[in-house]
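Chemist: For the record, the sequence lines run as chains A and B. If you use the numbering used here, the first sequence corresponds to residues 200 to 680, in order. If you use the numbering used here, the second sequence corresponds to residues 200 to 680, in order.
Please keep in mind that the hints were generated in silico from the structure rather than gathered at the bench.
Computed far set for chain A versus chain B, every beta-carbon distance over 10 Å:
(1) G235
(2) T254
(3) N367
(4) K418
(5) N431
(6) G620
(7) R667
(8) G674
Okay, derived cross-link-like pairs now, DSSO-like style, lysine-lysine, Cα gap no bigger than 30 Å in a straight line:
(9) A:K583 - B:K269
(10) A:K327 - B:K510
(11) A:K307 - A:K589
(12) B:K269 - A:K510
(13) A:K327 - B:K330
(14) B:K565 - B:K330
(15) B:K530 - A:K628
(16) B:K307 - B:K589
(17) B:K628 - A:K530
(18) B:K530 - A:K418
(19) A:K212 - A:K327
(20) B:K212 - B:K269
(21) A:K330 - B:K660
(22) A:K628 - A:K660
(23) A:K212 - B:K330
(24) A:K330 - B:K327
(25) A:K231 - B:K565
(26) A:K237 - B:K565
(27) A:K269 - B:K660
(28) B:K619 - B:K583
(29) A:K225 - A:K237
(30) A:K565 - B:K237
(31) B:K330 - A:K660
(32) B:K510 - A:K269
(33) A:K307 - A:K588
(34) B:K269 - A:K660
(35) B:K565 - A:K225
(36) B:K582 - A:K269
(37) B:K565 - A:K269
(38) B:K330 - A:K510
(39) B:K225 - A:K565
(40) A:K327 - B:K212
Where a beta carbon is used, it is the ideal one built from N, C-alpha and C, also for glycine.
Number of protein chains: 2
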Amino acid sequence: MIEIMIDLQGGAKAPLYEKIYEYIKKEIVEGKMTQGEKLPSTRRLSENLAVSRSTVEMAYDQLLAEGYIKAEPCRGFFVCDITELYRLEKQVSAPKSYEREKKAKKRKVDFSPYAIDTGNFPYNIWRKINKNILLDDSEDLLLSGDGQGEYELRSAIAAYLHQARGVNCSPEEIIIGAGNEYLEILLAQLLGREGTLLMENPGYPRAYYTFLNMGYTVKTVPTAEGGLTLDNVCRENPDLIYMMPSHQFPMGTVMPLKQRLELLKWASEAANRYLIEDDHDSEFRYRGKPIPSLQSIDCYGRVVYLGTFSKSIAPSLRISYMVLPPQLMEKYHSECGFYSTTVPRMQQEVLREFIEQGHFERHLNKMRGIYRSRHDYLLGELKKCSWVKKISGDYAGLHLLVQVDTVLSEEELCNFAAEKGVRVSGISKYLFPEAQSRKEIGKELQAPTLAEPVLLLGYGKLSEREVRHGLELLGGVVREA
Amino acid sequence: MIEIMIDLQGGAKAPLYEKIYEYIKKEIVEGKMTQGEKLPSTRRLSENLAVSRSTVEMAYDQLLAEGYIKAEPCRGFFVCDITELYRLEKQVSAPKSYEREKKAKKRKVDFSPYAIDTGNFPYNIWRKINKNILLDDSEDLLLSGDGQGEYELRSAIAAYLHQARGVNCSPEEIIIGAGNEYLEILLAQLLGREGTLLMENPGYPRAYYTFLNMGYTVKTVPTAEGGLTLDNVCRENPDLIYMMPSHQFPMGTVMPLKQRLELLKWASEAANRYLIEDDHDSEFRYRGKPIPSLQSIDCYGRVVYLGTFSKSIAPSLRISYMVLPPQLMEKYHSECGFYSTTVPRMQQEVLREFIEQGHFERHLNKMRGIYRSRHDYLLGELKKCSWVKKISGDYAGLHLLVQVDTVLSEEELCNFAAEKGVRVSGISKYLFPEAQSRKEIGKELQAPTLAEPVLLLGYGKLSEREVRHGLELLGGVVREA
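Model the full assembly from the supplied sequences, consistent with the hints where possible.
Modeler: Take a look at the structure:
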């Protein structure tokens with residue numbers, strides 16, 4: 200029989216049964232109590248330690264459940280063979296790589312067009328919803344659920360899309376997924392992987408590389424040559440067009456209704472033509488009524504609508520959604536219906552509550568006000584700068600385009616700015632090389648270059664002080680050139 | 200000037216400022232207060248309503264932030280033009296489809312091999328970790344973070360894999376993703392989409408269809424003919440082998456060391472050969488020491504290791520991980536490094552804490568004890584059944600294979616059982632048709648059929664009473680035939 204003496208007063212703050220459990224477990228793991236040895240009875244140990252018998256019973260129950268000891272009827276408790284048990288010790292972390300050190304380097308002002316405001320996130324509400332959902336101890340929360348995403352969340356998204364973007368869809372036509380790229384990968388599987396996709400140049404790099412990765416031939420038309428005009432489209436003759444009609448990234452242009460109708464008609468004229476409408480930041484428009492989505496005027500069933508909560512709530516959520524026309528939905532069920540959802544059930548439940556309880560509406564209106572005032576401030580300050588030649592892409596989204604009056608090249612401008620602690624990117628960064636397939640990419644193709652530097656200035660997370668400071672530093676770079 | 204009278208006593212329980220906010224918002228939305236109308240000053244309204252001035256100020260601040268009213272210096276508060284604001288009303292849900300009704304139909308006993316125990320999930324601990332993480336109000340929680348998954352979570356997984364499965368890897372070699380299928384899709388992009396994959400038949404259907412979807416030629420070798428023997432592999436000459444050496448699904452077999460070494464050597468003999476080791480449920484082994492992973496004995500850098508928390512924690516988490524050999528990791532950085540992670544940051548943080556605080560270790564040991572006793576009980580009961588001819592796949596995983604002594608076909612057996620409320624699947628369900636590409640699947644190819652019915656009996660979530668009841672009903676089906 201083992202004698203057990205535990206110091207229950209000292210050490211970390213923890214329930215008594217936990218201390219007894221930890222002590223005995225440690226003795227067993229370290230080999231001080233060995234296989235087959237008998238433990239004291241719960242009555243005796245409780246007397247020795249001067250704790251209640253139920254406290255000792257809880258400790259023994261835990262040890263039993265985890266396989267450290269076993270109970271033999273009428274004989275008592277014995278130490279088990281623990282060679283099969285998991286014993287996971289925290290390892291000393293490997294030295295963090297150089298890559299990570301580099302990332303951590305702080306900049307003074309970051310004009311990234313992807314930056315969002317994080318200071319106004321409703322942490323309290325999010326925490327409360329999280330807590331309430333976990334309080335239910337619901338078995339459903341542990342099972343993977345519907346492959347398309349939970350029906351109730353899809354209902355909430357369908358209602359939002361209808362009211363905010365004029366999108367016509369039922370919850371049955373929505374697929375929820377972990378980010379736009381995942382949904383594009385799914386779409387490429389549905390459409391076959393041998394098609395040709397057309398997009399504007401410059402454009403959104405991740406969409407470009409995703410379709411290349413999926414085996415697509417990706418062609419581009421320069422926005423400088425009118426972009427996705429009917430003429431350009433007919434000449435390139437793609438199967439699929441990727442477009443952002445409400446607010447093109449990075450140019451910030453809006454596609455006119457006539458052009459939208461022409462492209463819809465073009466798509467309807469052959470069996471396998473589809474238009475992918477990426478409505479990435481349509482939530483934030485600061486002048487005039489929101490522009491209805493392309494999907495809302497599609498009477499041919501040719502638009503695949505893509506949206507995300509990355510900008511309207513937070514990128515870390517990893518929740519996007521795709522609305523498929525009926526014939527693609529059918530194909531989804533037959534060829535991709537076996538995939539589990541890529542979004543955790545709990546996260547889906549939290550988002551559903553956030554929308555249904557009206558918090559999403561309030562958050563959107565509040566954030567639009569905040570972004571609008573940041574937009575107005577940056578625009579006002581830019582108008583005072585002598586080195587600013589032209590401003591475009593205004594009154595929507597989270598960045599402005601600024602043509603700079605300088606002898607410097609775009610690359611030099613960005614590099615000199617970086618040296619002063621200002622992160623800013625030029626539009627060339629969003630120009631694609633003239634590659635059309637993944638294999639060609641390896642050949643180091645050149646992206647087309649532009650005559651004059653155009654900078655993207657994102658204002659999503661910048662204070663007025665930061666904007667002023669950033670513009671001063673940029674002005675300095677131009678003057679010193 | 201508008202007069203505002205609000206009943207602050209009645210109605211739902213809510214803070215006073217919230218009631219004032221809701222009242223004024225409603226008046227504006229319903230057009231009872233119109234654009235340009237002046238609101239009472241905060242002083243005056245606080246007197247009229249007999250509340251503190253700061254309460255009214257909070258309500259006005261909220262209305263200001265969300266764009267319902269605006270403040271004009273020295274003049275006061277005025278109603279805004281609200282036509283641009285989001286007003287999301289909850290829509291009546293569309294009638295739920297037949298599909299959903301069908302799913303909801305309850306069965307008496309469900310022997311699904313995918314079922315896990317949900318009653319022993321540590322809800323309290325999970326809730327507490329969730330709460331603590333959200334309490335930090337950390338900006339990082341909102342940003343999408345590292346595309347491979349957070350470094351700290353990858354460190355925790357690397358330590359676990361090393362200690363529990365002998366896997367040799369650094370956090371830099373791990374990619375975290377939303378489920379095995381997502382990681383397989385990523386892998387197919389890295390390996391090019393024109394290869395041939397070999398797997399055993401029967402096997403895991405989702406892996407089969409995922410690689411078909413990605414454009415692979417998928418060949419299968421029958422387990423009845425020895426499965427992935429060196430002879431069979433050399434004859435089929437694939438680029439890629441998908442295998443479950445520690446516990447093949449659904450057969451429950453373990454690949455001998457000699458065969459593992461032969462396949463590793465085979466893989467090392469040509470540049471583009473890789474072995475995908477899906478270590479899906481290796482956590483649950485009830486006799487003898489855990490079998491080390493194939494990855495742990497790979498000295499050629501030819502094993503891609505896949506694992507998941509779906510079985511060890513919960514399928515709804517949607518967290519899997521993949522360990523890539525160095526040359527594939529390089530390819531990942533150059534071709535797939537642009538993808539954002541598919542796992543929400545908050546979920547990653549919660550899991551990291553769960554592992555680092557030792558809860559994962561405790562949960563694994565506890566669940567193994569629970570599953571072991573369910574396994575033992577089912578095995579014992581099966582041995583008493585006269586209609587059971589042979590039992591296999593025992594002492595690991597979450598299901599047993601049972602060969603049934605009956606004149607019924609496997610399909611008849613499963614259908615008759617379903618009529619009695621018992622969900623049970625035959626092994627034919629996991630036999631693949633002899634298709635090799637997605638295009639052929641449409642042709643309704645026949646899967647090979649087996650001579651004698653073999654059932655998969657999962658016990659993950661069944662009580663002893665349910666097991667007894669289910670076996671009685673199954674016995675009845677056999678006797679009545």
